[in-house]
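K.L.:
Next come the chains, spelled out residue by residue.
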Amino acid sequence: MTIGSLPPRYRISIDPVRCMECERCIENCSYGVFRRDGDRILVNSRNCTACHRCIACCPRDAISLEEHPCDYRSHPLWTREAREAIYNQARTGKIILAGMGNALDYPVIFDRLVLDACQVTNPSLDPLREPIELRTHIGKKPTRLDLRRREGGDVELQTPLTPNLQVETPIMVGHMSYGAISLNAQVAMARAVTKAGTFMGTGEGGLHSALYPYQDHMIVQVASGRFGVNIDYLERGAAIEIKVGQGAKPGIGGHLPGEKVCADISRTRMIPPGSDAISPAPHHDIYSIEDLAQLVRALKEATEWKKPVFVKIAAVHNAAAIAAGIARSPADAVVIDGFRGGTGAAPRVFRDHVGIPIEAAVASVDKKLREQGIRNEISVIASGGIRGSADVAKAIALGADAVYIGTAALVAMGCRVCGNCYRGLCPWGIATQRPDLVQRLNPDAASEQVANLIHAWTLELAELLGAAGINSIESLRGNRDRLRGYMLDESLMQVLDVRQVGA
Amino acid sequence: MSTVAKRVVIDGKGVHYTPLNQQIRKAVKDGAEEIVISNVLGQRFIGDGLRGNATIHVYGVPGGDLAIFMSGPTIIVHGNAEHAPGNTMDAGKVVIHGNAGDAVAHSMRGGKVFVRGDIGYRGGIHMKQYEAQCPILVVGGSAQTFLGEYMAGGLLIVLGLNGPVRARDIGSGIHGGEIVIRGDVDAACLATGARKVPLADEDRRRIAPVIREFAGDFGLDPEPLVNAEYTRIIPASARPFVGKYTWE
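Residue numbers (the numbering used here), protein chains in the order written: chain B, 1 to 503; chain G, 1001 to 1248.
Bound-form chain B, shown alone (with noise of 0.2 Å):
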């Protein structure tokens, strides 16, 4: 023996008092930690994931779950990650692919940041009687209108607009692909977004035809594999989006595995079963800021210059010229997505280590568009660890237009964030495709989780604009003078362009 078994991650105790035997934990656990022998339930902790599924599901609260409860001896620099990463790859050499998003313990500038609110003078608006307008639209604003009057008098805008998005509230749901997630995981969100009016990315995996109903609400997205893309996908999405990089993972491509390819995401992909679906790392048809406007005006063209066309990135340290790169394009917006973007399976060294953190990415974005003269050009999305409407407002007072959500989403129909998605086993019927897991998601109860959470999110942000003096989104919008840094340091606060507590 060289290295040995590690010491266990989760322990799951059954307290025999309170447990009736009831086996549910048995029937939900789907990584197979309880068995039955006798009259007893045993536990084997190695397989406890900690998705809490049985402690959701046991009506005797008889479960309980310990983390670590056997630990390493404590050392800041030697963590249990770092040692357990190191047994890992000495055993197999190989890289090693992690679920969820950013798993390091970086400072979340969000938590660092604090809103305003009015007092005496300018005092605060009431939403229960001030209309709050939390519409905003996504897309290309002329630089000016021309507008002429008609002889009967009527006025007539004489300049052309590209397509907007109209969004109820600046909540988006970003792009999870099916085969990521489970298609009833899919069919919860984009009924819950057209209840709420927002909008719904379908990730690089096509459109399912139990998502033609709201199609109206999809942002079909084209990335480096082009599964699912056809002139038909591309005429049904309310917008198109060209997916350059992702926040988990930015500079490398995507990898459904072959074991996930079962037949209904072989027909969505349009690739046989079993086969592994690989987005390379590039675009072969992008290798210039100039291919990337070709790729966008072709999507255009395709669609008779009809539907917005977005462009994802990742949050990395050039993120600002490349949207301004992105801003000359035709594109309508530019998706930042940040550092703690959440995924499937990502090498562990890109999810931790590679990309910003989205506050710093979306305020530099925003401001070298306003210094360009081109913020009127492009929409900004911020996305990545967007946890609740605080973030959502800081994001927007940062300059953004509106955020994508996605891990939110997730919990919102169940998830514990226990980063376990890639083994295709999740309980919740979220990451799975297994039927039997799958149809323990149901789409009606899912979406209206989803859809109070939005909703919730929305009441949120009309509270806190109303408390702020401001009655529409759009004065919210790049507005850091409703932001102050709480213990930020001053180089970082003239990154974010916001000025100290106090000041």
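Treat the hints with caution; some may be incorrect.
[What the hints assert, rightly or not] Each computed EDC-like pair below joins lysine to aspartate or glutamate, with the alpha-carbon atoms no more than 20 Å apart:
#1 K367/B to E490/B
#2 K367/B to E235/B
#3 K306/B to E235/B
#4 K1029/G to E235/B
#5 K1029/G to D232/B
#6 K1196/G to E1213/G
#7 K1013/G to E1082/G
#8 K1029/G to E84/B
#9 K260/B to E1248/G
#10 K1196/G to E1223/G
#11 K1244/G to E1223/G
#12 K94/B to D352/B
#13 K260/B to E1131/G
#14 K1244/G to D1201/G
#15 K1026/G to D481/B
#16 K195/B to E460/B
#17 K367/B to E259/B
#18 K94/B to D1011/G
#19 K1026/G to E259/B
#20 K1026/G to D352/B
#21 K368/B to D352/B
#22 K1244/G to E259/B
#23 K1244/G to D352/B
#24 K1244/G to E1213/G
#25 K1244/G to E84/B
[Stated by the list, open to error] What follows is a set of in silico ranges between Cβ atoms, one per label pair, in the way DEER data are often shown:
#26 E1229/G to P160/B: 41 to 49 Å
#27 V1197/G to W78/B: 44 to 52 Å
#28 A1236/G to G388/B: 44 to 52 Å
These are computed hints drawn from the structure, not numbers from a lab. From the three backbone atoms N, C-alpha and C, an ideal C-beta is built for every residue, glycine too.
Chain B is already provided as a structure; the job is to place chain G on it using the hints.
P.N.:
Leaving out everything else, chain G in the frame of chain B:
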């Protein structure tokens, strides 16, 4: 009612690609079976997302992304083409009586692209097939490096009629489909993930109709091509990256 094929002539001189495509779309909608576009000079996206089964003759040099997202029609280019003709094409046919640029048939998932002359780098990159849809790229001349990279399906034939085939790093990351090159290919020209096998009789029977169709389109004698020596390059594995990763 006239039985003569309905023919529409469009003068492309100085016309931007959007009004040009609008004229093509209108002609197809009005039932044109043959559309002739003259004086084409660098207009991109000709036939972008176009449906139907019209035949479009292009005289001049079209710009990039010819027939991108196209689903059905036939485009015959009487000249050279720029980069990525047949990009993400769904169905239909593109015949180029000249050379073409880089990324020819990029991500193509159905239909045929025939190029009489040479093509640039990354030809047939990430072509893929599904059920009855099997994209076919045939190159009369040579292809450059990264031929068939990330290929996930379909058939790519290079005939090398203008001299030796210069492609290196053939089929890097190939995980589906096949590349057939006339003559022998040095193993050093294959990239990771690709392997060469002899062309079996059944393979020859399968590709013969494609070669005959290509020869017919360009007025070549098909039989010497059908009977020539070929190297067949296929994926070493349908899952090239399966051994690269471990889970957390």
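K.L.:
Now tell me if each hint is right for this structure.
P.N.:
Each hint, compared with the structure:
1. Restraint check for K367/B and E490/B: the C-alpha separation of about 17 Å stays at or below 20 Å, so the hint holds.
2. For the hint linking K367/B to E235/B, the alpha-carbon distance of about 34 Å lies beyond 20 Å, and the restraint is violated.
3. Only pairs whose Cα atoms come within 20 Å are accepted, and K306/B paired with E235/B is accepted, the gap being roughly 9 Å.
4. For the given pair, K1029/G sits about 17 Å from E235/B by alpha-carbon distance, which is consistent with the 20 Å threshold.
5. With a C-alpha separation of about 17 Å, the suggested pair K1029/G and D232/B falls inside the 20 Å cut-off, and the hint holds.
6. Annotation: proposed proximity of K1196/G to E1213/G is violated, straight-line Cα distance about 25 Å (limit 20 Å).
7. Between K1013/G and E1082/G, the direct Cα distance comes to roughly 18 Å. Compliance with the 20 Å bound is thereby established for this hinted pair.
8. Taking the CA atoms of K1029/G and E84/B, the gap is about 64 Å. The hint is violated against a cut of 20 Å.
9. Straight-line distance between C-alpha atoms of K260/B and E1248/G comes to about 19 Å, which keeps the hinted pair within the 20 Å bound.
10. Of the supplied pair hints, the one linking K1196/G and E1223/G is violated, its CA atoms being roughly 24 Å apart against a limit of 20 Å.
11. Note on K1244/G and E1223/G: the hinted pairing is violated, with a Cα-Cα distance of about 45 Å set against a maximum of 20 Å.
12. Only pairs whose Cα atoms come within 20 Å are accepted, and K94/B paired with D352/B is accepted, the gap being roughly 17 Å.
13. Under the criterion of a C-alpha separation no larger than 20 Å, the hint pairing K260/B with E1131/G is consistent with the structure, at around 18 Å.
14. Distance restraint check for K1244/G and D1201/G: the Cα-Cα separation of roughly 35 Å exceeds the 20 Å cut-off, and the hinted pair is therefore not satisfied.
15. Our distance criterion of 20 Å between C-alpha atoms is broken by K1026/G and D481/B, whose separation comes to about 53 Å.
16. Taken as a hint, the K195/B and E460/B pair is honoured in the structure, with Cα atoms around 18 Å apart against an allowance of 20 Å.
17. About 45 Å separates the Cα atoms of K367/B and E259/B, which puts this hinted pair outside 20 Å; it is violated.
18. The straight-line distance between the Cα atoms of K94/B and D1011/G is roughly 59 Å, outside the 20 Å bound, and the hint therefore fails.
19. For the proposed pair K1026/G and E259/B, the alpha carbon gap of about 45 Å is over 20 Å, so the pair is violated.
20. Restraint check: the Cα-Cα separation between K1026/G and D352/B comes to about 52 Å, which exceeds 20 Å; the hinted pair is violated.
21. Taken as a hint, the K368/B and D352/B pair is broken in the structure, with Cα atoms around 27 Å apart against an allowance of 20 Å.
22. Annotation: proposed proximity of K1244/G to E259/B holds, straight-line Cα distance about 16 Å (limit 20 Å).
23. At roughly 19 Å between alpha-carbon atoms, K1244/G and D352/B fall within 20 Å of each other, so this suggested pair holds.
24. For the proposed pair K1244/G and E1213/G, the alpha carbon gap of about 41 Å is over 20 Å, so the pair is violated.
25. With a CA separation close to 18 Å, the supplied pair K1244/G and E84/B stays within the 20 Å bound.
26. For E1229/G paired with P160/B, a C-beta distance near 59 Å fails the hint of 41 to 49 Å.
27. The hint said 44 to 52 Å for the Cβ distance between V1197/G and W78/B, and at roughly 50 Å that hint holds.
28. For the pair A1236/G and G388/B, the beta carbons lie near 49 Å from each other, so the given range of 44 to 52 Å is met.
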